[in-house]
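A.B. asks: Next come the chains, spelled out residue by residue.
2 protein chains.
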Amino acid sequence: MDTIKNYIATHKERFLNELIELLKIPSISADPAYSKDVLKTAEMVEQSLKDAGCDTTEICKTKGYPVVYGEKIIDSSLPTILVYGHYDVQPPDPMNLWTSPPFEPVIKKTELHPEGAIFARGSCDDKGQMYMHVKAIEFMITNDLLPCNVKVMIEGEEEVGSDSLADFLENHKEKLSNDIILISDTGMIANDVPSITTGLRGLSYVEVEVTGPNRDLHSGIYGGAVPNPINVLNKMIASLHDEDNRITVAEFYDKVEEVSNEERAEMAKAPFDLDEYKKALDIDDVYGEKGFTTSERYSIRPTLDVNGIWGGYTGEGAKTVIASKAYAKISMRLVPHQDPDEITELFIKHFEAIAPKGVKVKVTPHHGGLPYVTNMNSLGYQAAAKAYEKTFNKTPIPERTGGSIPIVALFEQVLGSKTILMGFGLDSDAIHSPNEHFGVWNYLKGIETIPYFYKYFTELNS
Amino acid sequence: MDTIKNYIATHKERFLNELIELLKIPSISADPAYSKDVLKTAEMVEQSLKDAGCDTTEICKTKGYPVVYGEKIIDSSLPTILVYGHYDVQPPDPMNLWTSPPFEPVIKKTELHPEGAIFARGSCDDKGQMYMHVKAIEFMITNDLLPCNVKVMIEGEEEVGSDSLADFLENHKEKLSNDIILISDTGMIANDVPSITTGLRGLSYVEVEVTGPNRDLHSGIYGGAVPNPINVLNKMIASLHDEDNRITVAEFYDKVEEVSNEERAEMAKAPFDLDEYKKALDIDDVYGEKGFTTSERYSIRPTLDVNGIWGGYTGEGAKTVIASKAYAKISMRLVPHQDPDEITELFIKHFEAIAPKGVKVKVTPHHGGLPYVTNMNSLGYQAAAKAYEKTFNKTPIPERTGGSIPIVALFEQVLGSKTILMGFGLDSDAIHSPNEHFGVWNYLKGIETIPYFYKYFTELNS
Chain B
1 MDTIKNYIAT HKERFLNELI ELLKIPSISA DPAYSKDVLK TAEMVEQSLK DAGCDTTEIC
61 KTKGYPVVYG EKIIDSSLPT ILVYGHYDVQ PPDPMNLWTS PPFEPVIKKT ELHPEGAIFA
121 RGSCDDKGQM YMHVKAIEFM ITNDLLPCNV KVMIEGEEEV GSDSLADFLE NHKEKLSNDI
181 ILISDTGMIA NDVPSITTGL RGLSYVEVEV TGPNRDLHSG IYGGAVPNPI NVLNKMIASL
241 HDEDNRITVA EFYDKVEEVS NEERAEMAKA PFDLDEYKKA LDIDDVYGEK GFTTSERYSI
301 RPTLDVNGIW GGYTGEGAKT VIASKAYAKI SMRLVPHQDP DEITELFIKH FEAIAPKGVK
361 VKVTPHHGGL PYVTNMNSLG YQAAAKAYEK TFNKTPIPER TGGSIPIVAL FEQVLGSKTI
421 LMGFGLDSDA IHSPNEHFGV WNYLKGIETI PYFYKYFTEL NS
Chain S
1 MDTIKNYIAT HKERFLNELI ELLKIPSISA DPAYSKDVLK TAEMVEQSLK DAGCDTTEIC
61 KTKGYPVVYG EKIIDSSLPT ILVYGHYDVQ PPDPMNLWTS PPFEPVIKKT ELHPEGAIFA
121 RGSCDDKGQM YMHVKAIEFM ITNDLLPCNV KVMIEGEEEV GSDSLADFLE NHKEKLSNDI
181 ILISDTGMIA NDVPSITTGL RGLSYVEVEV TGPNRDLHSG IYGGAVPNPI NVLNKMIASL
241 HDEDNRITVA EFYDKVEEVS NEERAEMAKA PFDLDEYKKA LDIDDVYGEK GFTTSERYSI
301 RPTLDVNGIW GGYTGEGAKT VIASKAYAKI SMRLVPHQDP DEITELFIKH FEAIAPKGVK
361 VKVTPHHGGL PYVTNMNSLG YQAAAKAYEK TFNKTPIPER TGGSIPIVAL FEQVLGSKTI
421 LMGFGLDSDA IHSPNEHFGV WNYLKGIETI PYFYKYFTEL NS
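Chains as they are written, first to last, in UniProt numbering: chain B, 1 to 462; chain S, 1 to 462.
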């Protein structure tokens, strides 16, 4: 298997150029204006699976954007690995903060990526990490080193809630049957501190609308006498946390997993430098739920954040208006054993209950996802740990992170499969932000590490 | 003077068409993209003053948009009336709520305007009301009925705070010297309930910016652990009112005029139907400072309203982001004897003081204006009351309203003149809102009433 290093050295430029072509297409699933680009990206991904040597490839229709599928079955008695990824990306705004255009990829050096990083929307999340798998599969098939069966499914709606995927899994249980699911859509602690994500938070995402008067009003004539929906929305949102920064939605914490003091002590051993953390974000203090450390706040505790707010006059200068409506997008990150649908219901009930007389409130659920925890004793985790040891010369750290990949819980429900999360990005790669990037070193290290997972997983299963 | 009715009957169509041409130009002073239109409007207004018979007209340069000036001096021993108005308009957004384009005026009938109303941005505020004066002057000069001297100044920055006007007044004290200032930039209670505005609230307007992390972050990875500037801004804004809806800015109420119970009882006699008010706005309850009626809340009490708020992802769908920055535009309406500069300082001090650790706060003052109260015993008020009695057959009601015309206080400071506010619009005319309109009846009634003010003011001064 040392041939992988040689193979990467030989094909490095091509690997980068292929990814760059993929990153040029603005496959923004959240905005219907880009639907053609999303579909074009699906076609490019299918072609890349063909080129990698898959026997069968297919663009599978769904109610939304299609799922790209490919497989290489070498022996039905051998284990089957199902790779999941997504070819859609987050919207790039605010555009003005990008130092280079989000869909014109360029390689630039950074402090953490001295060998250069590809700057583009989707470079890390998830086109870059998804494409590591395509190139690892190409290596294994081309060199006759594929030790087991592989199936690949790359979806196009991950950034908007994977709405069509539950149906797709239900309708293709047989086709998607596998022994383990492998995903690279998370990060690792640092290039010299490999880690495997063992816990993911769930998600409940809602949009709220507060309506006051039936039209925009002159604030001089009406100000002080009518419910201003922005003032009211601010008051309502402010009341969603108490003075200890605990969420006030009734019954919100009822099912939250109690993490034992022993476990918390174990987690606290992971390297974490609060000063570095604050410095990197240029904040003079952190902020969060009383009684928990920063690492706990973003991993084992649920949260409620406003992701967007708007209302009234937001142009240049001053306009003395009282808006008729105000809006916010609010997401809650959930931990085991909170159920996103239940939490969404609790939120709606609570938000309607706290609305003062004089305004009307509408809450629209966007999408949700169940929290997930991986067992460190599983063969999948062990195979992944051995793969990292081989290529990083270090034992990876098990890590619970705050992000959500709702599909991980769905896979277990519908397909009965466990998922291994081998992420090669860094927290500082600015996914979902302007100037998203993915280290060239990380990209190639992923391609190098993945085939070892196939090897060890097959060996451990034999 | 009955000739005014005949004159209007003869020239009605022309009066309407001329105003419509003026309304077609988007003279939006808040948006630099429209600067040519603002300047073009100034030229049209100057031409209209020439056509009306002014001896001298001039487009006077300022640091910002010019002031259009015109005059007709018939005898220096006679009184001089200075007419003030503005030719700039508010931005028209939200555009999608207009039933006809804001700069394509159309006349449509409404419940309150059975004779039709002109729908266009600026129709009432202030092009329509300003143009009543131009036409009234045309009538008086043409028919040799002008009883005194008249000066007219129409500015182009009223909707953005009249920034250049203080300098302009200082530099042209002699030219602008007068015995009374006459403005139509307010409303009246109803077409059968004429009223004269005797009190105006002042204004302090600020823009606030809250910065958390130095870049947009993924809410899964960072949510719950870092200060989310939108959540923080919401909490800060919510804290600006207490549970009685009193403003919590320290020292905010210290100089507020105490209105006596007798005066409050007098004001309470003005016709006001709370059910109608709520019905017109489609709200099931009003909202405001405890201990005051709705009419008091918008007239004799100061207020704090958010006029606009924005931050994070506001596009379609869901984006799980923690924004780096959140913004709001906040205005405070002031009453005698609050000073706008002082209030702005108090606000900045307070807002900075309540910012939690972890965020940075920036407050930018936009513009302000002093509150103003007119004396009912003045000759100006009496002349105006007599004019309304003549054309409406009713004694007008003195009314304090919530809007601000900062220049009114400025006039008194710099020119030493009192102002009479003869407004002919209705509260329901939707100024500053989509579908602004101005009743054709109101427009013509204004033209009819104004010459009587000249007549009675001259007589009372002789």
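Hints are supplied without guarantee of correctness; some may be wrong.
Pairs of lysine-lysine residues, derived as DSSO-like cross-links and limited to a Cα-Cα distance of at most 30 Å, are as follows [to be verified]:
| hint | chain 1 | residue 1 | chain 2 | residue 2 |
| --- | --- | --- | --- | --- |
| 1 | S | K40 | B | K290 |
| 2 | B | K357 | S | K290 |
| 3 | S | K418 | B | K360 |
| 4 | S | K386 | S | K362 |
| 5 | B | K12 | B | K269 |
| 6 | S | K175 | B | K360 |
| 7 | S | K175 | S | K386 |
| 8 | S | K279 | B | K235 |
| 9 | B | K235 | B | K61 |
| 10 | S | K108 | B | K362 |
| 11 | B | K235 | S | K5 |
| 12 | B | K349 | S | K279 |
| 13 | B | K349 | S | K362 |
| 14 | B | K357 | S | K269 |
| 15 | S | K362 | S | K418 |
| 16 | B | K12 | B | K290 |
| 17 | B | K279 | S | K386 |
| 18 | S | K109 | S | K390 |
| 19 | B | K173 | B | K455 |
| 20 | S | K72 | S | K173 |
| 21 | B | K279 | S | K173 |
| 22 | S | K278 | B | K349 |
| 23 | S | K279 | B | K357 |
| 24 | B | K173 | B | K63 |
| 25 | S | K362 | B | K290 |
Calculated directly from the structure, the hints in this document are not laboratory data.
A.B. asks: If any of the earlier hints don't hold here, list their numbers in rising order.
C.D. replies: Of the numbered hints given earlier, those the structure breaks are 1, 3, 4, 5, 6, 9, 10, 11, 13, 15, 16, 17, 21, listed in rising order.
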